[in-house]
Amino acid sequence: MVAFPKKRAPMSKAARREERAGFLFASPWLIGMVVFLVGPIIASAFLSLTNWNLISPAKWVGVENYRDMATDRNFQQSVKVTLFFMVLAVPLYQVAGVALALLLNLRLKGMYLFRTILFLPAVLSGVAVAVLWAQLLNPDLGVVNQFLRAIGIDDPPRWLQSTDWAVPAVVLMGLWGIGSGAIIYLAGLQNIPPALYQAATIDGARTWQTFRHITLPLLTPTLLFTMLIGVIAAFQVFDTAYILGGSRGGTRGALLFYVLNLWNEGFRNGRFGYASALAWVLVVAAAVVIVLIFKTSSRWVYYESEGG
Amino acid sequence: MNHWRTVSLLGVLLLLAAACTPGGGENADGEAEAAGVPEGPVTLTLWAFEGEEAFFPTLKERFEAEHPNVTLEITEIPEDNYTTKVDTALAAGRPPDLGLVYEPRWLKAGAVLPLDDVIQSKGIDLSTFNENAMSGCRYEGSVYCLGSYVGSVLLFYNKDLFDEASVPYPSPTEPMTIDEFADAAARLSKPNEDLSQRVWGTIGEAPFWWSDPATHFSEDGHTTAGYVDDAATVHLYDVMAGLVRDGHAPTGSEFELLGGTDLLATGQVGMAISDNLVAIEALEAAGVNWGAAPVPVESSEAPIYVSSWTDQIGVFSSSENPGAAKEFVAFVATTGNELRIEVADQLPLDSAVSGAERWAGKSEGRAEVVEVVTQARGAIFVPGFWEVTSPLWDSFDAMIQGDASAEQGLDEVAPIMQDTLDGSWETWEAIT
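Top to bottom, those sequences are chains A and B. Reminder that position 288 of the first sequence reads as 288 in our numbering, one-by-one numbering, no gaps. Reminder that position 202 of the second sequence reads as 1202 in our numbering, one-by-one numbering, no gaps.
Some hints could be false.
To be verified - Capping the alpha-carbon separation at 30 Å, the derived lysine-lysine pairs in DSSO-like fashion look like this:
{"#": "1", "chain 1": "B", "residue 1": "K1190", "chain 2": "B", "residue 2": "K1060"}
{"#": "2", "chain 1": "B", "residue 1": "K1085", "chain 2": "A", "residue 2": "K59"}
{"#": "3", "chain 1": "B", "residue 1": "K1122", "chain 2": "B", "residue 2": "K1060"}
{"#": "4", "chain 1": "A", "residue 1": "K80", "chain 2": "A", "residue 2": "K295"}
{"#": "5", "chain 1": "B", "residue 1": "K1085", "chain 2": "B", "residue 2": "K1362"}
{"#": "6", "chain 1": "A", "residue 1": "K59", "chain 2": "B", "residue 2": "K1362"}
Since the hints were derived computationally from the structure, they do not count as laboratory data. Model, not experiment: these values are computed from the prediction.
The whole structure should be built from the sequences, with the hints applied where relevant.
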């Protein structure tokens, strides 16, 4: 039998009054969203098709800004740097975060103290952290290289002054703040029913088997969440790159992240039309990556409620 | 009901998009008041850099004393954020009356008023104003800003170290060639294992920011490939980088180990390329017996070059009190120059201003500074100069490290610089 959707019954006066009141209460936020978010987003889409420089009237140039990207060395370099960082950082932060969470999940005396200490870097200002690490990673005087020389590495990397090691240096800095990610994994671990581990123990499962068949699958929803957050954060790297490499993006553009290049084009070079086009390319690229992650997630993310 | 809601929402969005569309800056084609302060109360707003604790308050006091109906409100803005704040204010149609007009595109866009009328009515003689510094104020035959001081890049040297090494003092009128400069640096150097006791001949500086732009660009500013990588410029970079490699100039690490102190002021460097605003104060505070000369040049045929700048105070086109604002700029160019000497002990933009001779007479070094600075000539205009030359920082570092020769380094950056320069000119031409 085919069921046709019913027409919506006309609203009563009271229901209409309630609906209007609802909109009224939500209106400050709605107006703010439209004025400060939706409006500028629509405007930037239009601006990306112009050569606006902030002080002269915007002139229509069509897709010229998008075409210019194909030959723009800075654009190409910024894409390379951002992708390199994403490929290196996102998996590493997830592995390190899970490993740390497993340690923090142990029932040891004083574990709350360790959890607090490991979370502390997350509350520090990103700028202060970047300035601190710039000193630590000084190739000649920094503590990191002094330690490496002490353990026998005579020619340690020049870190931020090296085109090969600048991005790994930023990844290393990020590892210091892994505590905040570990807290999220810790919450995920503590949601796993202990009965599963008890049953596995009774069946004679070893540690690795328990981790492989119980912990990891039940942690996959958390891993999906942190992967998405990690990818978005990788696309948005700016303050760290600016502090460590300046607006030039460090030695030969080794730290010229995408958003830093976008900021340069807009605020240093006065090319707001082109910067808007860069912003839209970023939005589309991020959307594509996120959709891909979601589409593939059904193969590796296990939701307890789905059974299986 | 749903249909109307949708239509209303779309309408609001479209209105907002239209409101967010930029209209561009104000055009100077509107009628501007002639120079002169109107009779009623007037408030002028000036956006300036931070750090002028002595000069601007005194300037304000004197101007308001001469024009009792005018109140000058000065807002200090960090130099790093200045251009962005003014750009944003121009886009919003709400810039201050007066500002430091360091961006040539503001002039081209008509966001700044020409000052030719007030210059003529006040009889300001620009022939005695530092020509290189005034280059930033000129556009298409008109003058758009005036200043109170001149900052110039010169070669400062320690006369006692020169005497000890029996090296003749550099001439304030004839620049050394880069080879003469390197030879002097080598003779001045005194190696020592103890860094705190060591003396270097000079400091190895990437040439692009102090040398004549003609070494890097064509006269019209449109071409850099073929100039930045020509034989003479390659030799310039090779010599400067070689001074660091050979130990006659400190490396970056040695600088850091010494805590970033002013090595010229502490007597650990024989000569250094620096700007007069910083160097004179440091040298006099340290009690160094110092002198000044023009920066070295590529060859004996190359003319002297003195890179200079000033505070470039101008009037924004949307000012509601253009007459009073222009009056203030004229005041800066006249009384302001005298106040620079009196209050800040800095070299005035106008070499003929009362007190300039007294400033020069305070020491031999100061007299030499004046001798050098008065030889300044006009500059080549290059839009986006710092953006175009930015690859040269890394290239020079590579030359110092020995990772690339000067020829290799400059050959590599020349096409990159040319591409960036072409883009800068395209952006410049699009400004209307």
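Hint numbers contradicted by this structure: 1, 5, 6
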